[in-house]
Every structure is written in C-alpha cells, then in structure tokens.
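Student: Which chain is which? The protein sequence lines are A and B, in order. With the first letter of the first sequence counted as 1, position 359 gets the number 359 in UniProt numbering; the numbers rise by one all the way through. With the first letter of the second sequence counted as 1, position 106 gets the number 106 in UniProt numbering; the numbers rise by one all the way through.
Derived from the structure by calculation, the hints contain no laboratory data. Every residue, glycine too, gets a C-beta built ideally from N, C-alpha and C. Treat the hints with caution; some may be incorrect.
What the hints assert, rightly or not - Within a straight-line C-alpha distance of at most 20 Å, the following computed SDA-like cross-link-like pairs (lysine to any residue) qualify:
#	chain 1	residue 1	chain 2	residue 2
1	A	572	A	548
2	B	53	B	67
3	A	324	A	570
4	A	590	A	519
5	B	191	A	324
6	A	491	A	550
7	A	60	A	432
8	B	191	A	101
9	B	111	B	51
10	A	49	B	33
11	A	49	B	187
12	A	33	B	51
13	A	559	B	184
14	A	558	B	197
15	B	191	A	25
16	B	153	B	33
17	A	49	B	185
18	A	86	B	79
19	A	34	B	201
20	B	191	A	26
21	B	104	B	181
22	A	149	A	226
23	A	33	B	24
24	A	34	B	81
25	A	559	B	35
26	A	194	A	274
27	A	558	B	181
28	A	160	A	176
29	A	34	B	28
30	A	49	B	181
Unchecked claim - Among the chain A residues that face chain B by a calculated CB cut under 7 Å, a handful are:
#	residue
31	87
32	91
33	92
34	105
35	332
Said to hold, decoys possible - Calculated from the model, a selection of chain A residues having no Cβ within reach of chain B, i.e. all distances over 10 Å:
#	residue
36	5
37	6
38	25
39	26
40	29
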Amino acid sequence: MPLIERRDQDFLLHEVFSVSEFSKHEKFADFNKKTCDMIITEARNLAIKEILPTNKLADKENGHPEAVKLENGQVKVPPSFHKPYKLFCDGQWLAMCDDPEFGGQGMPHLLAMAAGEYFTSANCSFMMYPGLTHGCGNILATFGTEKQKQLYVKNIFTGKWGGTMCLTEAVAGSDVGALETVAIDQGDGTYKIKGNKIFISGGDSDLVENMVHPVLARIEGAPAGTKGISLFLVPKYRVNDDGSMGEFNDVETVGIEEKMGIHGNATCTLAFGSKDNCIGELIGEPNKGMKYMFLMMNEARQGVAMQGLGFATASYCNAIQYAKERIQGPNLMKAVLEGDLTGVPIIQHPDVRRMLMSMKAYVEGCRFLVYYLNSCFDKATVTDSDDEKTKWEGLIEILTPIAKSYCTDKAVEVASTGIQVYGGYGFIEEYPQAQHYRDAKITAIYEGTNGIQAMDLLGRKLGMRKGKPIMDLMGEVNATVAKAREAGLEKIADSLQAALNKLGEVAMTLGAAAMSEKALDAFASATPFLEVAGDLVMAWAWAERAAAAKKAIEGAKKKDVPFYEGQIATAKYFYEQLLPTAVGKMDSVKNLTGAIMEIPEEAFVG
Amino acid sequence: MEILVCVKRVPDTAENEIELNSAGNDIERDDLVYSVNEWDNYAVEEAIQIVDKVGGTVTVVTVGDEDADEVLRREMAMGAQNGILLNDEAFEDSDAMGIATLLKAAAEKGKYDLIMTGAQADAGYAAVGGMLAAMMDLPYASLVNMVEVGDGKLTVGREIEGGNQEINEIELPCVLSIQTGINEPRYVGIKGIRQVSGIEIPEFDAAGLGVDPATVGAAGAKTKRVDYFIPETGEGAEMLTGSTEEIIAKLIDIMKANGGLK
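Sequences are here, hints too, so could you generate the full structure?
Tutor: Here it is, written out as structure tokens:
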C-alpha cells in the first residue's frame with residue numbers, strides 16, 4: 001500500500017523547500033536532513049502498520065461492528081483505535097511543533113505537516129481525536145494562565161487528556177454570534193456554564209481519562225453578537241489544584257450523529273450544566289472569546305486543508321495501483337494497427353491516463369500549497385526581522401482560506417475521479433475508494449464552510465493591512481516566474497505572469513465592488529473568486545515544481561529520471577489544459593454578474 | 001548485561017520492486033529504499049527488553065558504508081545506547097565468513113555477555129551467527145524465539161521443524177540468532193530520533209579492527225554468487241477434488257502433515 005508518494009514528499013521537503021535549512025536556526029538545530037528523513041520514515045511506518053488498518057474497520061458503511069457507540073453517556077471509539085492511539089502518543093506525534101516544556105517536540109511545521117499527511121491519509125477519523133486535542137492544548141498554551149498551563153497543557157499534549165472545540169449550537173452554525181450558551185459569574189473566579197453544543201467532533205472518547213472543552217459562551221449581560229462571546233475552559237471531570245481529577249463536571253454526551261462519512265469519529269451533542277453543576281474558568285479576558293477561538297479555528301482550517309490533501313492522495317495512490325493492475329480492453333493503437341486485441345492495464349487507455357494526470361496535478365499542487373503554508377510558520381520563526389515576520393504571517397492569513405477551501409473542494413473532485421478510475425468497483429464498498437469520497441465531503445463543510453472561507457478571503461483577507469498580504473503573495477509568485485524563466489521554461493513563465501496579472505485585475509474589481517453598492521454581487525462571486533485564486537496557486541506550484549525538476553534532472557540517478565520527467569509533464573498538462581480554463585473563469589468572475597442577486601427569491605420554486 | 005546486536009541495512013521489500021541486474025548475478029541495488037533487516041530489529045528489541053530488566057547496555061554494530069549509519073541511528077533511536085560502524089572499501093562483497101570475521105574483531109574490542117544476530121538477512125545464508133559463535137568459540141543457539149535471563153546462563157526457546165518448540169539452557173557469554181515473532185518491536189518516536197540526531201557514531205576500518213584486508217571482502221570471499229534468478233512458476237500446485245467436506249478433510253490432513261496444525 002503506497003498511501004503517499006514518498007518521492008514527491010522528499011522532493012518538496014528537500015529540493016523545493018529545503019527543510020533542513022531550518023536546522024541552522026538554534027530552535028530547530030536537531031532537525032538536520034538525516035533526522036528529517038528518519039521522522040518521515042517512522043511516521044510512515046506507524047501510519048501504514050498501525051493506523052491504516054483501522055480505517056475501514058471503523059467505517060460503518062462497510063457493515064463492521066466497530067462503529068462508534070454511546071453507552072450510558074460514555075462514547076466508545078472503535079476498539080481498534082486504542083492501540084494506535086497509545087503508540088501515537090508514546091511516539092510524541094501529538095504535539096510535534098510545540099514547546100518541549102509542555103511535552104512538545106519543537107519540530108518545524110513543514111516537517112510536521114509531511115509526517116501528519118501520513119497519519120491523516122491513513123485514517124482521518126482517528127486523527128481527529130489527537131488533532132482537536134492539540135488545538136485545545138494550543139489555545140491554553142497561548143492564552144491560558146500559568147496555572148491553567150501547568151494543570152492542563154502537558155496532559156493534553158501527551159494525549160493523556162482529550163480536547164475539543166465547542167462552538168456550534170442548534171441556532172448558531174455559521175453565525176456563531178447567535179449562540180445561547182450562558183456563563184454565570186460565581187464571584188469566585190469561576191462561572192456556571194449552561195447550554196448545549198452540537199457537532200462536537202471527538203466530543204467524548206474512552207481513549208482518554210478526561211476531556212477538556214474550550215467552550216464559547218456569553219457571560220450574562222454581555223453584548224449581543226460575537227462581541228459578547230467569551231471562551232471558557234470546561235473539563236469533563238474537574239481538575240484539583242494538585243492536578244488530580246475531581247468530581248464529574250456535569251458535561252454530558254447526550255447523542256452522537258449518524259453521518260455520511262468519517263464514521264470512526266464521534267460527532268457529539270454535549271449538554272453543559274443540565275443539572276446546574278457545570279463549572280468553567282475563563283480563558284483570557286471576557287468578551288474576547290472569538291479572538292482566542294480564531295487561533296484554534298485557523299489551526300483547524302489548516303488541518304482540514306491537510307485532511308483534504310490526505311483523502312485526495314490516498315484515493316490517487318489507490319487509483320494508480322488499480323490502473324496498473326486492472327487488465328481491460330486492448331491497447332487502442334495496437335488493436336487498430338496490428339489487430340492485437342490482448343487486454344492491457346487500463347493505465348494505457350488515454351482517458352484513464354487523463355484522469356490519473358488530473359488527480360496528480362491537483363494532489364501534488366495541493367501538497368505544494370499545504371507545505372508552503374506551513375513553511376511560512378517556520379520562516380516567521382527563524383527570521384530576526386519584524387518586517388519579514390509580518391510578511392510570513394500575512395501569507396499564512398491569506399493562504400488559510402484558499403488552502404482550506406481549494407484543497408477540500410479538490411479532494412472531493414479527486415476522490416470522485418478516484419472512484420471513476422475503478423469503474424463499477426469504485427462504487428462497491430468492498431473497495432477503498434467509496435469511503436474516501438464519503439469521508440472527504442465533510443472537509444468542504446466543517447471549520448467554516450467553503451462559502452465562509454470565500455467571504456473571509458474577499459471581505460477580510462484581501463484588504464487586510466492595505467492589501468499587503470495579497471501583494472506579498474503576488475511577489476512570491478513573481479519570484480517563481482523568474483525562476484521558471486531561468487530554468488528555460490519560457491512558456492510557463494509567460495503564462496504564469498499573464499494569469500497572475502489577470503488575477504490581480506479580478507481582485508481589484510471584486511475588492512472595489514465589495515466596498516460599493518454592488519457588495520452583494522461581489523460576495524455572490526466570492527466562491528468562484530477563491531477558486532481562481534486557488535487555480536493560480538496551482539499554476540505557481542507547477543511552475544516551481546517544473547523549475548526544480550528541470551534543474552535536478554541533469555545528472556539525476558536513473559530511478560529518479562521518470563519522477564522529474566513526470567513533474568515537467570504534469571506542469572505542461574496543467575499549463576496546456578487546466579490553466580486556460582482557469583484564466584477563462586477569471587474573466588467570468590470579473591463580469592461580476594448581477595443575476596444572482598437580481599433573481600427574485602420567489603423564482604426559486606421548490 | 002552488555003549486549004552486542006549485529007544489524008544490517010537491507011533493501012526494504014515493502015518499498016521496492018526488485019529487479020535483476022544486467023549481469024544476472026544480483027538484484028539491481030541502485031536507488032533502492034533500504035531499512036533495517038527485519039530479524040535484526042527483533043534482536044534489538046529483545047536486547048533492549050533484557051537490559052530494561054537486568055541493566056546493562058545495548059550496542060548495535062553493522063558492516064557497511066556511510067549510508068549504513070542510518071540503520072544504526074534508527075536502532076539507537078529505538079533504545080540501543082551505542083553504535084559502531086565497520087566501514088572500509090576492503091569490506092565490500094564479504095561472504096558470510098568475512099562478515100563474521102569483522103564482527104568478531106568488533107566484538108573483541110568490547111566485553112559482551114551476549115551477542116545477537118537476526119536469524120537471517122537478505123543474502124540468505126543465515127550463516128553469520130553460527131560462524132561468529134564458532135570463531136569466538138562461544139555457545140550458540142539459532143532461531144531463538146524466547147529468552148529468559150538466569151544466573152550466568154540463559155533459558156532460550158527455539159523454533160524447530162514441524163512448528164515444535166524446544167527449550168535450552170545456554171551459558172553466557174553466548175551468541176543467539178533471533179527469530180521474528182519473539183517480541184513486538186517498538187516504534188521509534190520523535191524524542192528518540194532527536195536524541196540521536198547529533199551523535200557521532202564511531203567507525204572502524206580494517207586497520208582499526210586489526211583485520212587483514214585480504215581475509216575479508218571480495219578478496220577473502222570463498223563463496224561467490226554466480227547466478228541469481230527468479231524460478232519459473234512450475235506445476236507445484238496440487239488441486240484438491242471432491243465435495244467441500246472431502247476437500248476440507250484433505251486440506252486438514254495436509255496442514256497437519258506439514259506442521260500447520262497440531
């Protein structure tokens with residue numbers, strides 16, 4: 001089982017992003033090339049041997065009895081998850097990048113992302129338990145008091161306790177500001193929490209001895225909307241001052257959802273304080289909960305981008321293997337010219353080859369995007385210049401909604417193509433492709449739907465700091481144009497430059513419209529705008545990849561030559577077949593159609 | 001207890017499509033993905049478990065070029081305390097006796113109570129452990145699948161033909177070749193990898209080991225591989241006929257006769 005194209009990971013890590021260069025900085029001194037390679041090898045080892053075999057077991061659609069259960073208020077995860085969870089925590093994989101003082105391993109984000117890609121591709125439902133646990137720990141490590149850090153963070157980062165993020169309520173989905181959970185000041189520094197939260201991924205589990213919930217709630221009398229929301233630390237079992245566990249904190253799991261996919265992860269309905277006995281502590285200051293929660297939401301959005309990549313890559317690798325093994329129909333040319341009707345592997349059929357090529361273009365393009373985004377964290381860490389730091393942080397801001405949306409939309413598309421390659425067998429649950437497709441869909445929805453991401457890009461990120469982040473992004477793409485030219489890839493350089501200029505025009509048009517009476521028309525075009533921004537990032541990725549491959553192919557080892565040729569060929573395919581469509585779509589977005597808001601609501605007759 | 005475990009860097013069969021080289025006397029080794037020999041990994045795990053129980057240190061040793069450093073480092077990240085690399089162009093293409101000669105020289109640089117090898121590696125001789133024991137004049141048990149530490153001796157289980165098991169007492173110091181399945185080798189975590197990231201691993205060449213280069217490597221090899229091929233699929237399959245019950249009965253008989261069932 002290949003799971004991920006290791007060669008491509010190595011190419012990005014070492015030949016495109018030079019991950020071991022970060023080891024020149026004191027903070028990352030341990031992570032030289034040998035160490036980086038060992039980490040990826042061992043992540044792969046654990047993922048393939050221990051995590052991957054649990055993926056299908058936990059998928060209820062396959063009729064397996066390992067489904068998540070709720071028994072007497074306690075969630076029981078698939079039994080097969082217990083062993084890999086222990087190994088995962090024992091191997092310190094839960095908090096790869098965090099402060100060693102609290103059980104983290106201080107690893108570069110870029111390297112952690114490559115390791116994480118293995119775990120997520122192997123079993124995303126499983127990984128959501130430690131993934132959200134990490135996000136919860138990160139909130140406390142960043143905004144918690146010294147006492148909260150000491151009592152909670154190490155237990156969370158070592159996986160002894162689990163964590164969640166509790167935003168959504170029945171009336172507060174995309175509109176978090178509408179939430180109804182209340183916090184009543186007890187006058188002793190604690191608050192009584194009362195309310196119900198829904199769709200809480202990994203909201204409870206028997207993998208851990210305690211659960212820690214960061215809960216958004218409104219302190220009685222606080223302003224309406226998001227300005228009045230505070231963030232509370234609410235454990236399932238109270239934690240005594242000496243770190244020991246106290247009494248049950250009236251946090252009940254009252255239901256788990258039946259879903260389309262990610263069956264191995266318990267999506268919980270949590271009742272806080274139904275017996276009026278749930279105590280929470282404030283995290284940070286009152287009414288700043290949304291700001292704090294955004295730290296976790298941004299991390300979650302970047303994580304979801306990786307989930308999208310994980311599903312796409314798993315489906316793609318399966319499709320390659322199947323297309324090389326499945327014999328069906330003769331080679332078209334041989335049948336016509338020689339009358340040879342011998343069946344051949346379907347990878348020889350042009351349309352199957354096209355499907356694999358489009359999967360490759362998006363999977364590897366999205367891998368570039370996700371890795372690049374994570375390398376920005378490391379670049380921000382190692383620089384001494386405040387301006388540089390601001391630049392990399394701005395790039396993270398602007399690329400987060402693009403990565404979250406684009407990688408997940410493409411994941412669904414790639415997973416669908418992955419079924420198509422299998423033909424009828426793709427539709428049969430005995431084969432792995434259907435599960436990837438069902439599992440992938442949620443990534444376009446949770447952690448802010450892709451529509452919300454598009455609004456974030458247009459409404460907040462584009463104009464952020466007077467457009468500095470988008471200008472910096474364009475600067476990065478321009479640097480690649482020069483690199484491509486230097487590598488002798490003139491056509492690619494010209495096309496990338498032209499597409500970048502066009503995207504700049506579209507951004508100006510849409511950005512101006514968003515601040516005019518045409519604002520609704522602008523937001524009606526926000527999603528296609530995000531899509532073309534993502535397409536441009538793919539073009540950037542393929543120019544960068546092709547330039548690096550062109551450089552490396554001279555004097556490459558025999559076995560590496562097809563890899564580099566594949567990079568150059570895929571760039572050619574992207575620029576000849578996919579980019580022209582994207583450039584056409586840029587024109588369509590620039591049209592700023594009024595039709596969407598002109599049509600009367602009554603015209604939608606159900 | 002001071003334990004020396006001999007390990008080898010081998011092509012990872014799960015990661016490579018193995019092809020024959022153009023000369024037809026070996027596999028194509030350029031650009032293969034390598035990892036630690038599976039049997040050796042069990043041996044290292046067993047050594048770590050013994051040291052965890054009774055104290056001491058685990059040292060891993062390998063014969064190879066600078067790339068072999070990665071398997072030593074990996075086994076050290078797993079929990080072995082020391083590594084030794086035996087690296088000299090003169091060691092290339094050693095046969096089993098050459099390897100055993102080098103390992104003996106390395107072993108004699110320390111004072112080990114127990115030496116372990118994997119039961120076999122990629123070259124398929126399964127001979128190094130036995131030769132090493134003979135050269136060092138030490139007692140030897142092969143295909144060991146259980147070890148208990150006693151006073152000055154070990155109790156070891158051996159897997160023998162027909163799926164049977166025998167238990168032996170063996171005096172220390174001794175050499176054991178370890179069978180897979182003896183334990184469940186631990187995974188390597190980030191902390192372990194970080195701990196070995198900056199460690200310098202000592203290296204010895206022929207002079208450093210005090211070994212005459214003419215006795216090892218291609219020069220000293222008394223066995224040479226002359227051919228390497230994948231056998232053609234023959235008519236070996238036996239088709240069972242009859243009703244389902246009859247087929248099951250025959251199958252059970254065959255499995256019993258071959259040691260698959262008791």
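Student: In ascending order, which of the hints set out earlier in this document are inconsistent with the structure?
Tutor: 2, 5, 12, 13, 14, 16, 21, 22, 23, 27, 28, 29, 35, 37 and 40
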